[in-house]
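S.K.: Sequence:
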Amino acid sequence: MSATRTTPRPATATTTPLSRMAALARAELVLLGRTRGALVAALFVPLVMPVSVRSAAEEMDLAGAGLSTGTLVLPAAVGFSLLFAVYSVLVGVFVVRREELVLKRLRTGELRDAEILTGSALPAVLTGLAQCLLLTVGCVALLDLTAPSAPHLVVLGLLLGLVMCSALAAATASFTRTGESAQATPMPLLLVSMIGSGMFVPLELLPDRVASFCELLPLTPVVTLVRGGWAGNLSGYEALGALATAMAWILIAVFAVRRWFRWEPRR
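When we follow the numbering used here, the leftmost residue of the sequence shown carries the number 12, and every step to the right adds one.
Watch out, some of these pointers could steer you wrong.
Unchecked claim - In silico SDA-like pairs for lysine to any residue, Cα to Cα no more than 25 Å straight-line:
{"no.": "1", "residue 1": "Lys115", "residue 2": "Arg45"}
{"no.": "2", "residue 1": "Lys115", "residue 2": "Thr46"}
{"no.": "3", "residue 1": "Lys115", "residue 2": "Arg269"}
{"no.": "4", "residue 1": "Lys115", "residue 2": "Leu29"}
To be verified - Label pairs and their computed distance ranges (CB to CB):
{"no.": "5", "residue 1": "Leu40", "residue 2": "Ile263", "range": "25 to 33 Å"}
{"no.": "6", "residue 1": "Val166", "residue 2": "Ala33", "range": "19 to 27 Å"}
{"no.": "7", "residue 1": "Ala125", "residue 2": "Phe186", "range": "19 to 27 Å"}
{"no.": "8", "residue 1": "Leu216", "residue 2": "Arg277", "range": "41 to 49 Å"}
{"no.": "9", "residue 1": "Ser30", "residue 2": "Glu69", "range": "44 to 52 Å"}
{"no.": "10", "residue 1": "Phe224", "residue 2": "Thr25", "range": "45 to 53 Å"}
{"no.": "11", "residue 1": "Leu216", "residue 2": "Val51", "range": "26 to 34 Å"}
Because the hints were derived from the structure by calculation, they are not lab data.
We put the beta carbon where it would ideally sit given N, CA and C, even for glycine.
Turn these sequences into a full structure, and let the hints guide you.
M.R.: Laid out in structure tokens, this is it:
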């Protein structure tokens with residue numbers, strides 16, 4: 012009686028959400044490197060803008076507000092990186108990939124919707140994170156900043172900013188029709204944040220009513236946590252208020268993405 016030989020079945024490759032997002036992020040990084048406009052916005056603009064903030068700081072009474080040039084420039088530098096390297100770049104990424112049917116094709120595979128958005132956003136998020144760290148080191152070295160008084164608030168503000176700007180980018184892409192218009196639709200949030208979120212003028216120097224309104228802007232809690240964590244002048248109540256505002260904007264952005272994000276071209 013001869014023994015029967017069983018043919019081994021070919022091993023099936025198993026993937027995990029992390030491996031799928033990593034593969035998508037690598038592909039997106041290659042595409043991002045070929046887009047000159049996105050590279051300029053992500054790499055050079057955030058490095059130049061803090062110079063303007065430092066020039067403006069020389070004409071302000073920062074000492075009266077308990078601040079210094081460093082505690083004004085550093086949070087502004089972080090804000091510029093979040094706005095230009097993350098938010099502005101990702102609006103273009105989501106819109107262009109949608110119009111080129113890339114997002115639609117990705118949905119036919121193993122990737123889930125959240126994995127597609129997260130994987131597509133990872134290169135810009137990591138670029139923004141690296142740039143924030145580089146600018147922090149530069150500000151500490153050039154502006155004679157001491158160690159942060161509450162480093163956990165600085166880290167929390169940065170992480171909330173990365174998540175918020177990614178979610179807001181996807182929400183903005185929901186209402187952006189073409190890749191060309193993706194250069195214009197981020198402008199309202201960019202301008203409002205630069206003017207009213209304490210990046211050029213600290214909220215402490217604004218009238219009370221104006222400051223109360225500006226506290227509700229999306230990027231204000233990020234700037235507040237980074238600045239307060241470094242300067243050590245942020246109370247527990249103010250920190251909780253900034254955290255609540257940031258979480259509210261993240262939830263609003265996530266709701267908008269789930270409700271209105273489009274995976275096919277807007278025609």
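S.K.: What are the numbers of the hints the structure violates, in ascending order?
M.R.: none
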